Amino acid sequence: MKCLELADVSYRYEGSTEYVLKNISAAFDSGKVYTVVGESGAGKSTLLSLISGLDVCKEGDVYYDGKNLRELDRDDYRAKCVGVIFQGYNLLINSTAVYNITLSMNISESEIMGRRAKKEAAFALLNKVGIDRETADRKILYLSGGEQQRVGIARALSHNPDVIIADEPTGNLDAETESEVLKILTRLAHEDGKCVIIVTHSENVTAIADEIIGIHAGNLIAGEKYRENSAFHGENGHERTKTIRENEQ
Amino acid sequence: MKNKNFYVIENALLNLGKNKGRNFLQGVMIFAVITTTVIALSIHNTSVAIIGEYKTRFGSEVNIVPETLADNLPDITAEQALLYSQSEYLRDAQVDEVKIGSGAIKLVYYLKSPESLDAFRTEVQDKGLPAGYIVDIDKAGYDRMVMPMEGLKDISLTFLLIVLALGCAIMILLSIISVRERKYEIGVLRAMGMKKQKLAMGLWVEILIITSVCFILSLIAGGLLSQSISDALLAGLMNTATEPVDISVSPQTVLQIFGVAMLFASVAGIISVSKITKYEPIKILMERN
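Protein chains in written order, with numbering that gives the first Met the number 0: chain A, 0 to 248; chain B, 0 to 288.
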């Protein structure tokens, strides 16, 4: 089922005449994992900010569930329809992990009523991503990068959004934590029917994708074509991708 | 609807505890501004009240005195003095006789209202007041008593205006610094979908709580300090020893100070709202990342 759609989306920064994204058209279905890949500065994160409603495209339109984002309240859209996992986590560092989740529930006007019920739901959600109660009661400031990333994931899920957007979700994680985070994201798409869109440089992340969207200099490149683009992967990039695929098989 | 917004207040309360250092500094500044406002307002209001009382007292106390102390002035008889006292402009038919030297006397009457002076003067003249007498209030006595109080009132008013201007400037500065410092937090909350007005409301609740606490503390501190400051100011203004003026924080003053405190909180709120309105979450987060 089509969940998100980009129709001829173009974007340039204020005061600039150069387009960062040029006429991008793509559709995203529920129940699938998408990875958006491309070299640094290609426009991947800009694409995510447009999809997540943090920014508005200059030309073209983004549709969520058939509705144009320009006509929706973007605050409500961010609070209720999409869950964003930021590369830099973007959590309230002076608050506890569990508070970050309950606050997100409150902002999204969650159906869970009562402070205690919300807190219990937040603990359950954190537990689902591997954060125990003791850790959940600690301030973000005192959590490791991996723990913060998990809290970020839990927060993105706190309002049960249809679309999960992740910007380099494993960029700061060790191999073991990366693997766990990827399992969580895959499960969200394949078991819970969410549309998961991940911006990444990591080939390990690309390996879990159902579909790959390549961006090169603001233009969309079909996934497989992109895999063959050695300019992105570096001299041995293609070989590395092949190895991952072989290992999966 | 009520429950859906309650978290904004809850979050504001939690933030007060989280940012103790900054809130304490902000509190100290607000406390200083409100305390000086309490002192200035208390002195000003008391001065105004005393001046008003003096005006009523001296303005109501009307004297019939010889224009000069000449020997050939006809005397005012007791019957005449009594006749003058039977006036609708006077509080009662009371007349006091005061010797003013060389056998001359001053007749003192008490008007219902200082505004009736002209009417009373005409009435007395119509009743046959001999030439050479004047009907007037004790201007010299009034000036002697009121001038220092006018000086005190003017000083406190100037001080109050300076404090209010400085207070507003400080609040604007503090709000800008506070919002800038919390830019990241604002960016995160906005990225989570919190609406600008709710965010602004949260910041306003925080500043309102800090201001309310400062308001209570300032009332106590200001009440204690204003008497000694007033005494010191009066001592400088009066050449002769005089009775000390009892400075008090009246309910009217409390209300005015409350208004000033709310003005400061509103200034802070408006600044926060205007800053937040300009912030775009994506820019804040991009800057930080």
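The set of hints was computed from the structure by calculation and includes no laboratory data. For clarity, every value in this text was computed on a predicted model and none was experimentally measured. Even glycine gets a Cβ: it sits at the ideal position worked out from N, Cα and C. Hints may be right or wrong, so weigh each one.
[Stated by the list, open to error] In the EDC-like style, the derived pairs of lysine to aspartate or glutamate whose C-alpha atoms are separated by at most 20 Å in a straight line are:
(1) 277(B) with 173(A)
(2) 105(B) with 78(B)
(3) 195(B) with 190(A)
[Claimed, not checked] Just some of the chain B residues that point at chain A, by a computed CB distance under 7 Å:
(4) 187
(5) 280
(6) 283
Evaluated hints:
1. Straight-line distance between C-alpha atoms of residue 277(B) and residue 173(A) comes to about 38 Å, which puts the hinted pair past the 20 Å bound.
2. Taking the CA atoms of residue 105(B) and residue 78(B), the gap is about 15 Å. The hint holds against a cut of 20 Å.
3. Straight-line distance between C-alpha atoms of residue 195(B) and residue 190(A) comes to about 35 Å, which puts the hinted pair past the 20 Å bound.
4. Nearest Cβ of chain A to the Cβ of residue 187(B): about 5 Å, under the 7 Å cut. The hint holds.
5. Interface restraint check: residue 280(B) against chain A, minimum CB-CB distance 6 Å, threshold 7 Å, status holds.
6. For residue 283(B), the shortest C-beta to C-beta distance to chain A is roughly 9 Å, which exceeds 7 Å, and the interface hint is violated.
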